[in-house]
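Chain by chain, the residues run as shown.
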Amino acid sequence: MIFEYEVSGDDYSLAGRASSDIKKKLKQLGIPSPVIKKTAISMYEAEINMVIHADGGKIVVTLNPEQIKIVLEDTGPGIPDLDQAMQEGYTTACEAARELGFGAGMGLMNIQRNSDSLHIDTVIGQGTTVTILLYMNG
Amino acid sequence: MPVKYFHSVTLDEALCKGCTVCIKGCPTEAIRVQKGRAWITAERCIDCGECIRTCPSGAKKAISDPLSMLDDFDFKIAIPAPTLYGQFPVTLSCNKILTALKSMGFDDVFEVAVAAEILSRETRDYLKQQNSDNPLISSSCPVVVRLVETRFPSLIDQLVPMISPMELSARIVKDKYKDRTDRVGVFFISPCAAKVTDVKTPRGIVKSSVDGVIGIKDIFKELSHAVNHVENEENLNRARAIGISWARTDGEGSAVHSENHISVDGIDHVIDVLENLENGHIKNVDFVEMMSCPGGCVGGPLTVENPYIARNIITSRERSHQAPMEHDSSGEGYNTIDMIGLQWTEEIESCATHLLDPDYKKAMEMMEEMEIIRQGLPGLDCGSCGAPSCKALAEDIVRGKTTETDCVFMLREKIRELTREMIELESRLPPGLDR
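These protein sequence lines map, in sequence, to chains A and B.
According to my numbering, numbering within the first sequence proceeds without interruption in unit steps and concludes at 138.
According to my numbering, numbering within the second sequence proceeds without interruption in unit steps and concludes at 435.
Please note: incorrect hints may appear among the correct ones.
Partial selection, computed: residues in chain A whose CB lies under 8 angstroms from chain B [to be verified]:
{"#": "1", "residue": "Ser19"}
{"#": "2", "residue": "Gly30"}
{"#": "3", "residue": "Ile36"}
{"#": "4", "residue": "Ala40"}
Derived pair list, reagent style DSS-like, types lysine-lysine, alpha-carbon separation capped at 27 angstroms [what the hints assert, rightly or not]:
{"#": "5", "chain 1": "B", "residue 1": "Lys361", "chain 2": "A", "residue 2": "Lys69"}
{"#": "6", "chain 1": "B", "residue 1": "Lys361", "chain 2": "A", "residue 2": "Lys24"}
{"#": "7", "chain 1": "B", "residue 1": "Lys391", "chain 2": "A", "residue 2": "Lys24"}
{"#": "8", "chain 1": "B", "residue 1": "Lys96", "chain 2": "A", "residue 2": "Lys24"}
Negatives, chain B to chain A, calculated, CB over 10 angstroms [what the hints assert, rightly or not]:
{"#": "9", "residue": "Val206"}
{"#": "10", "residue": "Glu231"}
{"#": "11", "residue": "Asn260"}
{"#": "12", "residue": "Lys361"}
No wet-lab data here; the hints were simulated from the structure.
The structure presented is a predicted model; accordingly, all values stated were derived computationally and were not measured.
Think of the CB as a built atom: it goes at the ideal place given N, C-alpha and C, for glycine as much as any other residue.
Just chain A, same shape as in the assembly:
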């Protein structure tokens, strides 16, 4: 089953809607609570990153009995140094995002910590695709 979301990049107050909707769906499907929590945290962080750094994009969530696959695709600036971005505390978030409590430099770390697999494809000037996998029995 596939769910698609367009994420707007200009309204922080709407950030997190796609994650919230997926969370509700997972609850309706009876997915175990720990998996829902891990999915909620990792997808939310990735969605927020998309709003802060890439001016929005598209999220595709694919559900099957074994796993939850979340693909977040944007046409933003790309990540110049992925290793650096993965470090706790490193942030390139703008002041506006930080004032709203985002951009503490924990995003990618949190995704990695809460997902079973994280893959990032990024090209400077073209965009980033983040693929997150969570296993139902994980």
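Guided by the hints, dock chain B onto chain A, whose structure is given.
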């Protein structure tokens, strides 16, 4: 065996006009309007009392126990919630209110605010022992506990596993009078509908020590009369500022002395913060006080006074009760707290009330069907169908509870189609006449 679904919040069919106001405000989508009246789904209701607040016809009510229940017991003790102090002007002392309450047929009075002070201290210690990154969530509001178990089960482990001040008060007085051979009854004087449910079907414990829950609004008239006729005030007030403050938002949060706590009130805000907790967005916070009612317990559906005025009264009373606790260790009959036990003995179980089907494959099929139906609906969330949103209607259709024609727009479309077909049929003559 406890009743699985008891609810204090009920509907008076005679008063319900089927107006659909209540379906919009229900935080768990537990209400539907069908056949001209509202229906509450028992497994989804969390007794928050939102529908009581919003129903324009006064059809939603909270059942509490009548004062006549005192007749079933030989020795009666009232345990009033600290909120009671907010229902009377500051000029009337706490002792006067308690003396008046006692005169209404009780043999003793014990303030729940005193138990709240004990629990503040215990929660403080419990917080210090925790090393988790996840904030702890207060479990003192029964609506929040039920909300977590139904909508946010992944947060169950973050609830503070401690009994409520009401329950502790009942245990303290039951312990104090344990040697009595006659029937001892403990009655909670409540601002809260959910406390009635919490006593009948408790969470975290096997059985409540409270025998009855009497709504403040149900005794207010008689109590006001009694307050005005108190001649000799008894010295019954033991509670200090910390315990009294639990009646309002941030009372408990401040009482646990956490440097990084947040206090949330109002069911919508509570849900929003629980969503954020589930998303891991709330960081650097170690304790979250949550109260379902606006302003805290002072905004409870069984209160009389406006919550903002009540809150102001509570704050004034806190100022005049600043002296340190007199009953911290002994001498008051509740120095046996360790033996009474403050922690939950039963696990809180996840009650997935929105689950489409226990079989994942079937649930998935239902969800796919739901998505198709939802896309066909107008998406106006007008509530005319009796469901709170088009999404909820799609869910009801998939569950087999209703059909698409409950949607007035779909019905109109259907009628238009039928009319077109009828006109077309009307234009066709039988072959014998068609010249």
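Which numbered hints fail: 8 and 12
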